[in-house]
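These are the residues of each chain, in order.
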Amino acid sequence: MKYFYLVWKSLWRKKVRTILTILSVLVAFLLFGLLSAFNAVFRGGIDYANASRLVTIDKISLINPLPISYEQRIKAVPGVTQVTSATWFGGYYQDPKAQFPQYPVVPETFLTVHPELQISEEQKNKWMQIRDSAIVGRDLVNQFGWKIGDRIPIHTTIWTNRDGGQVWDFEIAGIFDSDNNNGVTTLMLFHYDYFDEGRAFGQGTVGWYTFTIDDSSRAAEIADAIDTQFANSPNETKTSTEAAFAESFMKQFGNIALIVRLILSAVFFTILLVAGNTMAQSVRERLSELAVLKTLGFENGSVMGIVLAESILVMLLGGLIGLGLSSVIVQGAAKQMAAFLPGLALTNEALALGVLIMVLAGVAAGIFPAIRAMRLTIVEALART
Amino acid sequence: MSQDLAVLKDISRTYQKGKERVEVLHKLNLNIAEGDFLALMGPSGSGKTTLLNLLGGLDKPTSGTVEVGGAALHSMSSGALSKWRARHVGFIFQFYNLLPVLTAQKNVELPLLLTRLGSKERAKRAATALAIVGLEDRASHYPRELSGGQEQRVAIARAIVSDPTLLLCDEPTGDLDRETANEILALLQALNRDHNKTIVMVTHDAISAEYANHTVHLDKGTLTAEMAA
Amino acid sequence: MNLRSLPQRLAPSVVAIIGVGAVVGVFAGVLSMANGFEKTMLSAGSEGTAIIVRAGATSELSSGFGNDQVQVIADAPGVLKDENGPVMSAELYVVVNIIKKSTNQEANVPLRGVQGGAFQVRDNVSIVEGRIFEEGKNELIVGRAAQQAFAGLDVGNIVPFGLTEWTVVGIFEDNGSVSESELWTDVRVLQSAYRRGNSFQSVRVKLESPEAINALEASLKEDPRIDPDVVSEKDYYSGQSENLADFIRLVGYPLTILMAIGAIFGALNTMYSSVSARGKEIATLRALGFSPLSILISTIIESAVLAVLGGILGGGLAWLLFNGYTVSTLNGASFSSVVFDFAVSPDLLVQGLIAAVIIGLVGGLLPAIRAVRIPVSAALREL
Chain A
878 MKYFYLVWKS LWRKKVRTIL TILSVLVAFL LFGLLSAFNA VFRGGIDYAN ASRLVTIDKI
938 SLINPLPISY EQRIKAVPGV TQVTSATWFG GYYQDPKAQF PQYPVVPETF LTVHPELQIS
998 EEQKNKWMQI RDSAIVGRDL VNQFGWKIGD RIPIHTTIWT NRDGGQVWDF EIAGIFDSDN
1058 NNGVTTLMLF HYDYFDEGRA FGQGTVGWYT FTIDDSSRAA EIADAIDTQF ANSPNETKTS
1118 TEAAFAESFM KQFGNIALIV RLILSAVFFT ILLVAGNTMA QSVRERLSEL AVLKTLGFEN
1178 GSVMGIVLAE SILVMLLGGL IGLGLSSVIV QGAAKQMAAF LPGLALTNEA LALGVLIMVL
1238 AGVAAGIFPA IRAMRLTIVE ALART
Chain B
147 MSQDLAVLKD ISRTYQKGKE RVEVLHKLNL NIAEGDFLAL MGPSGSGKTT LLNLLGGLDK
207 PTSGTVEVGG AALHSMSSGA LSKWRARHVG FIFQFYNLLP VLTAQKNVEL PLLLTRLGSK
267 ERAKRAATAL AIVGLEDRAS HYPRELSGGQ EQRVAIARAI VSDPTLLLCD EPTGDLDRET
327 ANEILALLQA LNRDHNKTIV MVTHDAISAE YANHTVHLDK GTLTAEMAA
Chain C
94 MNLRSLPQRL APSVVAIIGV GAVVGVFAGV LSMANGFEKT MLSAGSEGTA IIVRAGATSE
154 LSSGFGNDQV QVIADAPGVL KDENGPVMSA ELYVVVNIIK KSTNQEANVP LRGVQGGAFQ
214 VRDNVSIVEG RIFEEGKNEL IVGRAAQQAF AGLDVGNIVP FGLTEWTVVG IFEDNGSVSE
274 SELWTDVRVL QSAYRRGNSF QSVRVKLESP EAINALEASL KEDPRIDPDV VSEKDYYSGQ
334 SENLADFIRL VGYPLTILMA IGAIFGALNT MYSSVSARGK EIATLRALGF SPLSILISTI
394 IESAVLAVLG GILGGGLAWL LFNGYTVSTL NGASFSSVVF DFAVSPDLLV QGLIAAVIIG
454 LVGGLLPAIR AVRIPVSAAL REL
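Residue numbers (my numbering), protein chains in the order written: chain A, 878 to 1262; chain B, 147 to 375; chain C, 94 to 476.
Excised from the complex, chain A in its bound form (with noise of 0.2 Å):
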């Protein structure tokens, strides 16, 4: 548009304090865009869970292991299209609080029940015929520098296997990675069958299981049948669709968006008080040069513009530098971190969000220095010089 020149110039009235105002605005969004990854952790299970996979597990408690007789069983169930199973392992490799989820799958099932996992076809192969492999996520590699061919020892804090040994030996057979950001290229997979016949103790059962149906609107239907057909038994069931039970386990961890939303607030709210104090001195100073532009005939309702127009500008400057800053940190810190945060991204959702407060942002700080600049009596403005 024609007036941007004119919006563009009268920015940088006074470089110093236009420069700064805009440095304060890209240090929020560089704030927003690290915390809204932070948040994309937490979400990262409930966001993209998959609406059709639904997860049971002992009613009493997570931790309680359900015998493997029930796959068939829920897998008789109608609606139920695949059944995979799978089992807590808690071990660590070489530091003890470096933990990372290890889990006995069954191979074919697992693999069908979780398509977003993207294997090579050699590897998946190859990790079938060994009977002590196993498959690890992109992360893990990241993390560790793992390759395949590795052979890589794993010590558990659980499952003691029968020589009285805390350490179990993998070889790795494939590298896996995702078509999504839930968080599953931070697994390692092996065994079942391996793991069952190795362990002390525990034999003949699994952690959970996991599910896929033909028709995601009847879940609650499916859920229930599945839990009634368990009522009474010495291992009564809990059966929930991915992303409920993702949500009330992170629920667990307290309310991270409300925390994250509260800084945020307290951190936008300072920006628009510094922009908009800086906003009105820039209008506050220049009354009469306004007053000259109404009367050489620009009409109230274009000051009004233009003046939003500067503080807009000034949100955006700043704002999409600090969110593309953001941007960058977060995906040399994905890379670095993403077995201890996995999910850590920016999403095009918070991107977007982040242009729109932008813009409002703009509008807030300016609205009042603009309304005074439309209202601006030409006469009295003159008068003053």
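No lab work stands behind these hints: they were computed from the structure.
Please note: incorrect hints may appear among the correct ones.
[What the hints assert, rightly or not] For lysine-lysine, the following BS3-like pairs were computed, each having C-alpha atoms within a straight-line distance of at most 30 Å:
no.	chain 1	residue 1	chain 2	residue 2
1	C	K314	A	K974
2	A	K892	C	K373
3	C	K174	A	K974
4	C	K373	A	K886
5	C	K174	C	K314
6	A	K886	B	K165
7	C	K194	A	K1115
8	A	K974	C	K132
9	A	K879	B	K270
10	A	K879	B	K229
11	C	K373	A	K891
12	A	K879	B	K266
13	A	K886	B	K270
[Stated by the list, open to error] Here are a few chain B residues that face chain A, going by a calculated C-beta distance under 7 Å:
no.	residue
14	L204
15	G225
16	S228
17	A232
18	F237
19	N243
20	L248
21	L256
22	L260
Positions of the beta carbon are idealized from the N, C-alpha and C atoms, including for glycine.
With chain A held as given, fit chains B and C onto it using these hints.
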């Protein structure tokens, strides 16, 4: 005589100042002929600037009618007045009122932003206006790099760039030394004679008034004498 | 000197104060979570009690002992004995699901089976309402924090876990420590309800003296019948809380630094506009003979004062809003909820004020230098 460009009939303008009502103009009548160069003199507080503002559609009378070039300014909405001003009036102020963030060229182009002209055409017209006031070599300078006289010339160029019929000047030489003032007044005279611009100039300086064709005196809101220069 | 003309520069000054206030407020708020969590975990720990788990277990949950191994511990040196025998409690806990009042969703809560000695190995436990559970019965006592945070745990309530029903017969307190987030019952009843045979996860023993732990550890490690880790209760809980507390701090400090940088830009903005608004005043002072240094110092001080005001505002608000606010979170190590209060401690407030002062000094320095560089004559002439 040529026909009247502006006709003010029974103009009164009253302001509310706190509890007091101040009447600045009192039942004033004035006709301004097309192509005239009129000086408006009077002591401070006599209402000269107010009269000028009424002529330019910057203000509305409390009572009476203001007709300029056939347009009834007293009854136009503020949006309509804006549009009218853009096309028909050029203002020149005592303190120039140039935008410090724009070059001379861009300052002169400002009124053209309100038209449909493309950027090339705008630049051309601005250059022409600057040439008329003799400042084509200062086009890319900022106001802070110009002398007072040069700034006023830029202001004049800005005032004429959209080719208005009426130029309204409020103490245009008030802030300039004698020599520069004379140059500016000579320029205004040339605009009047050679380009047929109707000019109304408020001044408190009798020497400046001599450059005009007519002088009217304003005292306490009414016209007193009318003298031909 | 400067402060007299402050009223004119009110708006930018208020902006700077609020900016710093936000930084200190967020800092104190976020870090008080780590503080509060740690406090709860650490107050459970005593040096006079030792916890024994299986070697390599990262928490009780991943540990396991048979009854004979518990006997070995009972006979070991260093364990305090009274007229009833060794003062100890072999314990086992499971994680049960109870609705958390604040989210109306289920949360993992520890149900711990204890022996009689549980009250002696912990220095500060006492029943504050109702009575202790009777041995052999499905009766529970509930920690004060758990009773407040989770639904349906009042004295007299019946709580169903799986096929068994339990009656809440009492409420206990333990000096605000993590035990208050737990439900306790007779260990044998728990073992039977969850089909754990005669196994335990951990053994707590009262030591003859804090130093006796060395003898105890040496003896147990040499014994081939048992493979233990022996730590003082204090060290054990310190290890349990480390992860989460460190994590919060790992996020909290960089967050604060980033916000502080933003606040510095805000302070610079305020001080630059303050200096240019005071241009004539500064020039007059200089003309009168005030040295450039005094102008410099007074400008920096003005900035610091504004920042400190902001720090007090932010710290005060954080204290008012957050101190004592009760939440619960999942402790990854124990896989169960820990209920704790935010703790806005004095040293946090001090750290916040120090941050505020730094912001003020940095934010005032450059504008102060500009203030004294204004050529006196130019400033006087211009205005």
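(message) Are any of the numbered hints broken by this structure? If so, which, sorted upward?
(response) 3, 6
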